[in-house]
Amino acid sequence: MLNPDSVGRTFTGAEFVSVTQSQIEEFARVVGETDFSVAPPTFSIRITLTQSQELLSNPDVGLDWTRLVHGDQKFAIHRPIVAGDQLKCSSTIENYKVVAGNEIVTVRSDLHSASELVVSTWSTLVVRA
Amino acid sequence: MVNVGGSRMTHVGDVVAERVFLINRELLKSYANASGDQNPIHQDEAFAKSVGLPDVIAHGMLTMALVAKFVTDWAGGSGAVKEFSARFVKPVIVPAGKEVDLKVSALISEVSDGRVRLDITATSAGVKVLGMSKALVEKK
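In the order they appear, the protein sequences are chains A and B. Count the first sequence with numbering that gives the first Met the number 0 and you get residues 0 to 128, in order. Count the second sequence with numbering that gives the first Met the number 0 and you get residues 0 to 139, in order.
Keep in mind the hints are simulated off the structure, nothing from the lab. Note that this is a predicted model, so its numbers are computed, not measured. Check the hints yourself; a few may be wrong.
Here are the simulated PhoX-like pairs of lysine-lysine, each with C-alpha atoms no more than 25 Å apart in a straight line [what the hints assert, rightly or not]: (1) B/97 - A/73; (2) B/89 - B/138; (3) B/48 - B/28; (4) B/81 - B/138; (5) B/81 - A/96; (6) B/138 - B/48; (7) B/133 - B/81; (8) A/73 - A/96; (9) B/127 - B/89; (10) B/102 - B/133; (11) B/127 - B/97; (12) B/28 - B/102; (13) B/102 - A/87; (14) B/102 - B/81; (15) B/138 - A/96; (16) B/89 - B/102; (17) B/97 - A/96; (18) B/127 - B/28; (19) B/48 - A/87; (20) B/28 - B/81; (21) B/139 - B/28; (22) B/89 - B/139; (23) B/139 - A/73; (24) A/73 - B/48; (25) B/127 - B/102; (26) B/89 - A/73; (27) B/81 - B/48; (28) B/48 - A/96; (29) B/139 - B/102; (30) B/97 - B/139.
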C-alpha cells in the first residue's frame, strides 16, 4: 500500500535526460511520422515513464510497480520537445484513493529545460488488489 | 461574416474523417523499443495470458501515439498539439500473425483564438478502446 505521507510529495531526478535526434526519429517512425524536426506529442512518455518509476520506487513511497495498470493519461505541451533538449523530471503524487481494494494513484510529472516548463503529464495508475 | 485567424474552415460540429491504423505484433515491438516500455504483456502471449489477459495487448500509449498522429496530420504537424488526454477503457487485443484495426475519428467541440478542441473516438474490432479522449490543437 502507498504511504499516505507520499501524497503531495515531489521527487526530482538528479540527472538531466538528453533528447537525441535518433530517439525522436525512432518514436516518430513507429506512427509513420516523417517530420523529425520536433518530437511527436506523446514522446515525453519515454522520459516520464522511466523517470517517475525510478523516483517513486523509493521504499518510503510504497508503490508496487509490478501490479500497475495504466488508467488514463494527459499531456499539457507548452512547446514541442526537440533534439538537444536537456530535461529534468519532477514527479508528484497528486492524488491517491482506494476503490474496492484497488489503489488509484495520480502522478504528475513535469519536464523542465533549465527553468522552462516544457511538458506536464498526468498518469493515473491502478494497483490491482 | 469575416473569419479571422487560423480557424478558417473549421466549425463546431464538424467531423474529422475516420482513419484506420493497423496494429500487429511487429508494431508493438517497435513501439516497445522506441518508448522503453518493455512490459511483457505487450509482447509475450504466455505471460499476458498468465496475468488474465485474453492475449497480447497493445500499449495504451501506442494507441494514444497513433491517435496523436491522426490529430497532428489534420492540424498541420507534430508541434500543433497543446493538450491531449485519454482514458484506457478497453485493451487493443493483438493476436499473433494478425493485423487489428484502430479506427479513429473526431468531432470539433470548440473553436476559439485559433485553437480547436477535438473529441476523439477510437475503436478496435468494434470496441471503444479510449474514453474521454480530447485534444486541444493550434490548427495551421
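Subject >> Violated hints - listed by number, lowest first >> reply: Violated: hints 1, 2, 5, 6, 13, 15, 17, 19, 20, 21, 22, 24, 27, 28, 30.
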